[in-house]
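*Asks:* Now for the letters of each chain:
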Amino acid sequence: AQKITQTQPGMFVQEKEAVTLDCTYDTSDPSYGLFWYKQPSSGEMIFLIYQGSYDQQNATEGRYSLNFQKARKSANLVISASQLGDSAMYFCAMREPNSGYSTLTFGKGTMLLVSP
Amino acid sequence: DVKVTQSSRYLVKRTGEKVFLECVQDMDHENMFWYRQDPGLGLRLIYFSYDVKMKEKGDIPEGYSVSREKKERFSLILESASTNQTSMYLCASSLGGTLEQPQHFGDGTRLSIL
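One line per chain: the protein sequences are A and B, in this order.
Each residue of the first sequence is one higher than the one before, starting from 34 at the first, in this note's numbering.
Each residue of the second sequence is one higher than the one before, starting from 43 at the first, in this note's numbering.
Source of the hints: derived by calculation from the structure; they are not laboratory data.
Worth double-checking, as some hints may not be accurate.
As the list claims (entries may be wrong) - Keeping only pairs whose Cα atoms sit at most 20 Å apart, straight-line, the calculated SDA-like set for lysine to any residue is:
#1 A:49 to A:144
#2 A:141 to B:81
#3 B:45 to B:94
#4 B:45 to A:79
#5 A:36 to A:107
#6 B:97 to B:114
#7 A:106 to A:141
#8 A:141 to B:45
#9 A:36 to B:81
#10 B:99 to A:130
Said to hold, decoys possible - Not the full set, but computed from the structure, chain B residues with beta-carbon under 7 Å of chain A:
#11 84
#12 127
#13 128
#14 136
#15 138
#16 144
Since this is a predicted model, take the numbers as computed values, not measurements.
Virtual Cβ for every residue (Gly too), placed ideally from N, Cα, C.
Construct the entire structure; sequences and hints are all you get.
*Replies:* Written out as structure tokens, the structure is:
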């Protein structure tokens, strides 16, 4: 079974609108961390936001927020007021303490296209 | 800011060549990682290292080896390059020991094997 599932291969959104990118995960460990990364066409992976399994509040970083629903094992990324520069691939990733040495497991990604 | 530098953005090599991909980080991170990225497959871990001279196989180590002689440098080696190793290669580093430390990535190397 996949550890990280991103069901949307691609998403379209108009500039200034909000968009939600889905991520579900599978773990039996009560302690884990969830990450979102952005990869523009230039190739570099940019860390966006982190959510710990024991965090009481949903993580936020500027226009990025994480809709964390622990019981559903989902960690959806919400981008508010989309900008043209948000067009990129977005990856959800998970770290489990028993995975060893800080490795991350990545989903297959969602391509976001923002139109004017 | 953490800086992870990969030696080449684009590289073209021939089948059978020995290929070296170099990665350097400037933040004294314990952990370093090599991934390959292919369309529709996401990022797959090739090898990682948690200390100098230490290495662990990831999910797809076949056809690759690594070297970590200094803490800041992690090299990926294709012993005898083949066309199915044409891919985007990403290096990353992170602090160890806690859940919340993100991995920091280099700009990637697009490798073509002809």
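*Asks:* Are the hints correct? Go through all of them and say.
*Replies:* We went through each hint and held it up to the structure:
1. Restraint check for residue 49 (chain A) and residue 144 (chain A): satisfied, since their Cα atoms lie roughly 18 Å apart, inside the 20 Å limit.
2. Taking the CA atoms of residue 141 (chain A) and residue 81 (chain B), the gap is near 9 Å; set against the 20 Å cutoff, the hint holds.
3. With a CA separation close to 19 Å, the supplied pair residue 45 (chain B) and residue 94 (chain B) stays within the 20 Å bound.
4. Between residue 45 (chain B) and residue 79 (chain A) the alpha-carbon distance is near 12 Å, which keeps this suggested pair within the 20 Å criterion.
5. For the given pair, residue 36 (chain A) sits about 12 Å from residue 107 (chain A) by alpha-carbon distance, which is consistent with the 20 Å threshold.
6. Taking the CA atoms of residue 97 (chain B) and residue 114 (chain B), the gap is about 14 Å. The hint holds against a cut of 20 Å.
7. Between residue 106 (chain A) and residue 141 (chain A), the direct Cα distance comes to roughly 17 Å. Compliance with the 20 Å bound is thereby established for this hinted pair.
8. Note on residue 141 (chain A) and residue 45 (chain B): the hinted pairing is violated, with a Cα-Cα distance of about 25 Å set against a maximum of 20 Å.
9. Distance restraint check for residue 36 (chain A) and residue 81 (chain B): the Cα-Cα separation of roughly 18 Å lies within the 20 Å cut-off, and the hinted pair is therefore satisfied.
10. For the hint pairing residue 99 (chain B) with residue 130 (chain A), the CA-to-CA distance comes to about 17 Å; that is within 20 Å, so the pair holds.
11. For residue 84 (chain B), the shortest C-beta to C-beta distance to chain A is roughly 4 Å, which falls under 7 Å, so the interface hint holds.
12. With its C-beta approaching chain A no nearer than about 17 Å, residue 127 (chain B) sits outside the 7 Å limit, and its interface hint is violated.
13. This hint is violated: residue 128 (chain B) has a C-beta 15 Å from the nearest C-beta of chain A, more than the 7 Å allowed.
14. At its closest, the beta carbon of residue 136 (chain B) sits 5 Å from a beta carbon of chain A; the interface hint therefore holds under the 7 Å criterion.
15. Checking residue 138 (chain B) against chain A by beta carbon gives a least distance of about 5 Å; that is within 7 Å, so the hint holds.
16. Here the hint on residue 144 (chain B) is kept, as its CB sits about 4 Å from the closest CB of chain A, short of 7 Å.
Of the numbered hints given earlier, the model fails hints 8, 12 and 13; all others are met.
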